[in-house]
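Here are the chains, one letter per residue:
4 protein chains.
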Amino acid sequence: MPDTLTDLVAELALANRILGHEGVLDAFGHVSVRHPDDPGRYLLSRSRSPLLIEPDDILEFTLDSEPVKPPKALLYAERVIHGCIYQARSDVTAVCHHHAPAVMPFCIAGKPIMPVFHLGAAMGEEAPFWDQYDEFGDTNLLVVKQEEGHSLARALGSHSAVLMNRHGATVVGSGLKELVSRAIFMCQNAEYQLRASALGAPEPLHRGEIELAGKISRLPTVVTRTWEYWSMRLQASGAMPPRRRAAKSPRPARAAARGRSKTRKRR
Amino acid sequence: MPDTLTDLVAELALANRILGHEGVLDAFGHVSVRHPDDPGRYLLSRSRSPLLIEPDDILEFTLDSEPVKPPKALLYAERVIHGCIYQARSDVTAVCHHHAPAVMPFCIAGKPIMPVFHLGAAMGEEAPFWDQYDEFGDTNLLVVKQEEGHSLARALGSHSAVLMNRHGATVVGSGLKELVSRAIFMCQNAEYQLRASALGAPEPLHRGEIELAGKISRLPTVVTRTWEYWSMRLQASGAMPPRRRAAKSPRPARAAARGRSKTRKRR
Amino acid sequence: MPDTLTDLVAELALANRILGHEGVLDAFGHVSVRHPDDPGRYLLSRSRSPLLIEPDDILEFTLDSEPVKPPKALLYAERVIHGCIYQARSDVTAVCHHHAPAVMPFCIAGKPIMPVFHLGAAMGEEAPFWDQYDEFGDTNLLVVKQEEGHSLARALGSHSAVLMNRHGATVVGSGLKELVSRAIFMCQNAEYQLRASALGAPEPLHRGEIELAGKISRLPTVVTRTWEYWSMRLQASGAMPPRRRAAKSPRPARAAARGRSKTRKRR
Amino acid sequence: MPDTLTDLVAELALANRILGHEGVLDAFGHVSVRHPDDPGRYLLSRSRSPLLIEPDDILEFTLDSEPVKPPKALLYAERVIHGCIYQARSDVTAVCHHHAPAVMPFCIAGKPIMPVFHLGAAMGEEAPFWDQYDEFGDTNLLVVKQEEGHSLARALGSHSAVLMNRHGATVVGSGLKELVSRAIFMCQNAEYQLRASALGAPEPLHRGEIELAGKISRLPTVVTRTWEYWSMRLQASGAMPPRRRAAKSPRPARAAARGRSKTRKRR
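Chains as they are written, first to last, in our numbering: chain A, 1 to 267; chain B, 268 to 534; chain C, 535 to 801; chain D, 802 to 1068.
With the rest of the complex left out, here is chain A (with noise of 0.2 Å):
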């Protein structure tokens, strides 16, 4: 785990662009993650596309999805996904919803996706179907009201990713790291699942299996790898996310954002 908000905040600047990159985000979705140093509160940028966010995007919100500060700039319309799963799931720490091109296929034709490979089984054995029109009716699909965010978050359930109706799809880890490889893993899961289905009726890992490939994705060795490897790509396209803008202040960054973190939380 970064040691410091400023890192962490960093790294979730760079964790948007590398699922932007690799196709999980693109111009819509976003990730968020918990504050470490208050369980009661989240980290998620202001409202904009995910390979475009920088560390002076993140805003820190409360649980039931307020700003804590007066925001400048417009807020995702979505976030009380985040809100309201962070409340329900106290081992997540990092939430990502996105509407990637491998799992709309499922999300539309309502089929399940099932760990297929041994990546795959990052996803777990299951990842349960949330349909908005269910208990709300006809909406424009967003997941705006808390009501259907603690709805999204009761369908999720234990589980590490829910499938959303002609929407998307939530995944959820307990590092931010984690979160990103099972994105990444899940999609292309669903890819090769997809393809297979031409073949013939594809089969998942034996039980036993998913449980055992699972602990492979979270492994610090894997997501380490990972992580490393995608950082590269990303950097090979030219879009590593730029540092935190000079403060103002004469101290050094690291510890003016240290003390802008504490000055917001005593607000």
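The reader is advised that the hints may include incorrect statements.
Below are the DSSO-like pairs computed for lysine-lysine, each with C-alpha atoms no more than 27 Å apart in a straight line [claimed, not checked]:
#	chain 1	residue 1	chain 2	residue 2
1	B	Lys482	B	Lys339
2	C	Lys749	C	Lys679
3	A	Lys215	A	Lys111
4	C	Lys606	D	Lys1016
5	C	Lys645	B	Lys378
6	C	Lys603	B	Lys339
7	D	Lys912	A	Lys111
8	A	Lys215	D	Lys873
9	C	Lys645	C	Lys749
10	D	Lys912	C	Lys679
11	C	Lys679	C	Lys603
12	D	Lys873	D	Lys946
13	D	Lys912	C	Lys645
14	A	Lys111	B	Lys336
15	B	Lys412	C	Lys749
16	D	Lys870	D	Lys946
17	A	Lys215	D	Lys1016
18	B	Lys482	A	Lys145
19	A	Lys145	A	Lys215
20	B	Lys412	B	Lys482
21	B	Lys339	B	Lys412
22	B	Lys336	A	Lys72
Quick caveat, the hints were computed from the structure, so don't treat them as lab data.
The hints should help you fit chains B, C and D onto chain A, whose structure is shown.
Same frame as chain A, now just chains B, C and D:
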């Protein structure tokens, strides 16, 4: 909306390149915008591949698709698509004709595209088909005669898009940015629908969802966010359009452009 | 048509790279052009991957596919494809043999490609199949013997393209730019036809449409526009061919090349 | 074959990156080569994503997959795949284990890949399946124990590749360049076979064709041409491996490397 004709011309060149870069347009296809000061005219590039279009390529046409000034370059053969739709639809201020790979399977198989995810609702409940053969028999499939353009406009009716059998699609909007979003979202929708059909027969959004979700894609916040994202992607590829060439007169480029535009209208 | 042999050689190198960059050629495949001053000869690169070909790699061959000068480098094993077609078809001035991913499913499944959209009409009404096994039994599937080349040319007949079972395709044209357009449009057509077949059994254009739309792809305006577009894409990727190396003599490169060409013919 | 160990180490780093760039390897997968001077040893990178591997990452292993020198970095968990195959197959001098998207649908559906085009014959007549579950029950699907490696090597038998259910593939060769070509051609073949299956049930090459065409991919001319092509593509992407870091001793790098290699063998 851009506040001067020069800005709108620049935005039109950018719209062409964004759609070229996002895989909606390729060597062919074109985007036009209605003249902001004269609803009886529209702006369209000379005949050129969209990713190459510069502000200086943009010409002014009457709704009969005649160039206002004698042209010095080749014109698109199919510009009647634009003129006829502007005649028929006073609410339309931007038109795109394309042969995107995502829609072609549907145009070839004659199967309807229907909104299958929230952003796909940007296309509306349905996109009617128009088969040039039905009214005109054997043609080269290009829409070049006024009566062909009018026939296509009738098929479009009050919809946001029309599919052209064995040819492509034409999409309309009440603004350039809305049009660009709609064209891209509709292609994503078609792609997901095709892939979902490998898993089972996909169902469209509920009717109420289409209406409610359809409004999202027209929200200024959405349109601004996607425009920023697609522009960034275009810029990262090194393909941003150049600015308008400096006028020969010593007047600043913007004033000069305004002047030229006035001159044109006097003709 | 380019006005000197030097220009044609440069255009041939560019054609190779455009087709390499647009996904028609990869490590393999080749493009040739008939000698502009001597219909009994053709120009083809030494054995090299198309995206790497430079003007200095282009060599001159008789229609028996023998190099006019003793070669200093390896030659393509399958150059009889070119020689035999130039012998059989006086109207053909350019030939491309390829294994494009878009056509391979059809060459493998033995299912015909048919024009399913207006630009696909560039391939003509049909592309016959040629199975090397039928006449020659077990081979390594390469077309290396004169009799194999003649057999392929017979199967091509008066068509614009021939599909080679379990191997690839050969496309011909009455000019390099026409050939490049036809090869690319035919690949797009194959790709759309394959994808459309997931939605239902696609139908070809009406016969009259094929003839009328087929003429479009040969229009100088179309051929010029697509050539500009594909060249721009190649340039953006940094892969434009270098110019011919300066001649040792003090004469300007162009004159020198012309001189060399005359010298060659004297042999 | 490279003439010094230093050259072979550089070639191994390059092979890793070529396969990473051509979509055979991603964050995972690895390539090894048998030690040119000692058939009882092989060379393999420390645990790292293939596109990042540098000559300095390459380590020496015994055929029991033990590092010859105490390692300073993490090692691949699955290196027994390499050691066990080198033990079983004296004709094999290069091994690649991968999870390429092209082969995964077959590994998941349990359907055989068969040579369907001339270059696909590089894989030989068939690639047997190996299901880790059959002999070892529930595992994490990684091949980490000696007995798992030996079981996989037995399944490979005298073939050129083995498919691993719900996991990936392992390919072997009698040289690094042959291996790289085979791995890439087999992926192309799998991709074409999958797509052809949408048109009908594809048939393999005739048995005699497989043998004759299979020899093509091993010809030095072919292997040299494809290696040049893939290297050029890697270079164009800016991802060529760096050279070995200068040795601390004043000896030139090459001599120093040779010296180090001798030292190692003395251990």
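request  = Compare the distance between the alpha carbons of Lys749/C and Lys679/C with 27 Å, and conclude whether the hinted pair is satisfied.
outcome  = 34 Å, violated
query = Is the hinted pair Lys111/A and Lys336/B satisfied, with a Cα-Cα distance of at most 27 Å?
reply = Outside the cut-off at roughly 57 Å; violated.
request  = Could you grab the alpha-carbon distance between Lys912/D and Lys679/C and see if it respects the 27 Å cut-off?
outcome  = 36 Å, violated
inquiry  = Does Lys339/B sit within 27 Å of Lys603/C, going by the straight-line distance between their CA atoms?
reply    = 47 Å, violated
ask   = Holds or violated: are the alpha carbons of Lys412/B and Lys482/B at most 27 Å from each other?
value = 34 Å, violated
key: Given pair status - Lys946/D, Lys870/D, alpha carbons within 27 Å   = 20 Å, holds
request  = Take a quick look at whether Lys912/D and Lys111/A sit within 27 Å of each other, Cα to Cα.
outcome  = Satisfied, since the Cα-Cα distance of roughly 22 Å is no more than 27 Å.
query = If you draw a straight line from the CA of Lys215/A to the CA of Lys873/D, is it 27 Å or shorter?
reply = 25 Å, holds
message = For Lys606/C and Lys1016/D, compute the direct alpha-carbon distance and say whether it is at most 27 Å.
response = 25 Å, holds
request  = Decide if the proposed pair is consistent with the structure: Lys145/A and Lys215/A, CA atoms, cutoff 27 Å inclusive.
outcome  = 35 Å, violated
task = Sort out whether Lys749/C lies within 27 Å of Lys645/C, counting only the CA atoms.
result = Distance ~25 Å between Lys645/C and Lys749/C Cα, so the pair holds.
task = Please work out if Lys412/B and Lys749/C have their alpha carbons no farther apart than 27 Å.
result = 17 Å, holds
In summary, the numbered hints that this structure violates are 1, 2, 6, 10, 14, 17, 19, 20 and 22.
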